[in-house]
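Student: Residue-level listing of the chains:
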Amino acid sequence: MKAAVITFPGSNRDGDVAKALKQAGAEVVHVWHGDTELPQGVDLMVLPGGFSYGDYLRTGAIAGRAHIMDATRAHAARGGYVLGICNGFQIACEAGLLPGILVRNANLKFVCKRQHLKVERNDTAFTRAYAKGQAIDVCIAHGEGNYITDAETLARLEGEGLVAFRYADAQGNVTPEANPNGSLNGIAGIYSPGLNVLGLMPHPENLIDSLVGGTDGRGLFESLVGSRKAA
Amino acid sequence: MKARVTVTLKNGVLDPQGKAIEGALKSLGIDGVDSVRQGKVFDIELAGADKAAAEAALKAACEKLLANTVIENYRVEIGA
Numbered sequence: 001m002k003a004a005v006i007t008f009p010g011s012n013r014d015g016d017v018a019k020a021l022k023q024a025g026a027e028v029v030h031v032w033h034g035d036t037e038l039p040q041g042v043d044l045m046v047l048p049g050g051f052s053y054g055d056y057l058r059t060g061a062i063a064g065r066a067h068i069m070d071a072t073r074a075h076a077a078r079g080g081y082v083l084g085i086c087n088g089f090q091i092a093c094e095a096g097l098l099p100g101i102l103v104r105n106a107n108l109k110f111v112c113k114r115q116h117l118k119v120e121r122n123d124t125a126f127t128r129a130y131a132k133g134q135a136i137d138v139c140i141a142h143g144e145g146n147y148i149t150d151a152e153t154l155a156r157l158e159g160e161g162l163v164a165f166r167y168a169d170a171q172g173n174v175t176p177e178a179n180p181n182g183s184l185n186g187i188a189g190i191y192s193p194g195l196n197v198l199g200l201m202p203h204p205e206n207l208i209d210s211l212v213g214g215t216d217g218r219g220l221f222e223s224l225v226g227s228r229k230a231a
Numbered sequence: 001m002k003a004r005v006t007v008t009l010k011n012g013v014l015d016p017q018g019k020a021i022e023g024a025l026k027s028l029g030i031d032g033v034d035s036v037r038q039g040k041v042f043d044i045e046l047a048g049a050d051k052a053a054a055e056a057a058l059k060a061a062c063e064k065l066l067a068n069t070v071i072e073n074y075r076v077e078i079g080a
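Chain order of the listed sequences is A and B. Under the UniProt record's numbering, think of the first position of the first sequence as 1, with each following residue one higher. Under the UniProt record's numbering, think of the first position of the second sequence as 1, with each following residue one higher.
In case anyone wonders, no lab produced these hints; they're calculated from the structure. Among these hints, one or two may not hold up.
[Claimed, not checked] Where chain A lies over chain B, by a calculated footprint (3+ residues, C-beta under 8 Å):
id, region
1, 7-21
2, 68-79
[What the hints assert, rightly or not] In silico DSSO-like cross-links for lysine-lysine, where the CA-CA straight-line distance does not exceed 27 Å:
id, chain 1, residue 1, chain 2, residue 2
3, B, Lys64, B, Lys10
4, A, Lys109, B, Lys19
5, A, Lys109, B, Lys59
Ideal Cβ placement from N, Cα and C applies to all residues, glycine included.
Please take these sequences and the hints and turn them into a complete structure.
Tutor: What follows is the structure, encoded as structure tokens:
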């Protein structure tokens, strides 16, 4: 597994996601947003968290139009894997890789805390190391994580099983109380129809070492790299 | 040529910022405020004098970047 982590002006979680991928056994290369081509043999493109372009205009809007995004869309269209985390999810939506948009949290607060997610399915390249319905303990840190889309798209996402993760309590119950930002149906992450693009607001790369409080995030990277099979 | 692009949230899209501003206005004792929706204004200077070309360019600008048409509407006004 060769992964390319894209750095935009204002990305700040590129180093952390690279570390998580390396820990899982991936080869990691770094790519600059102004590049137009991917390095040879890249399997996975990562849009990392941060505050690209200072969140100017709309979160992810300007980064979503960066040169490297043409190569990212082409990579996704070929069936290549794309992972967008936090600001990377916002960028993926703005770039048209995923439907919908992330808007200001319903309570207007920047939310930075531990958060459980329910793994909706474990038959994808991103989640095969988890169990279906498992509650995983990760982190969230965002001010614009409120996922919205039109009713038709929401029905399609739900009908086609494209919701990847939902905000949940520690037992995996998806409740309004467990929803930190007002996202429709508690959506924390979604897939593309081909299941090769995943965008999620939470940070699995924060929880990859027991030294910092947990390792539930490792499953996502180990799933991708294929270094850990079904839970 | 000068132009103004106004981007507003579509009806039905939750606007927590507008709600907060509405609450602040009410707490300031400003009467008669029914609701507030926050939007964005872009004042743009354009080279050339072709109004039709300017309109086409601004429409492209809105569709490609200035507005996210999932949640936003836009309006283009071209001045002198």
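Student: The structure should be examined with respect to each hint, and the outcome stated for every one.
Tutor: Right, here's what the structure says about each hint:
no. : hint                  : result
1   : 7-21                  : holds (count 5)
2   : 68-79                 : holds (count 3)
3   : B:Lys64 with B:Lys10  : 17 Å, holds
4   : A:Lys109 with B:Lys19 : 14 Å, holds
5   : A:Lys109 with B:Lys59 : 33 Å, violated
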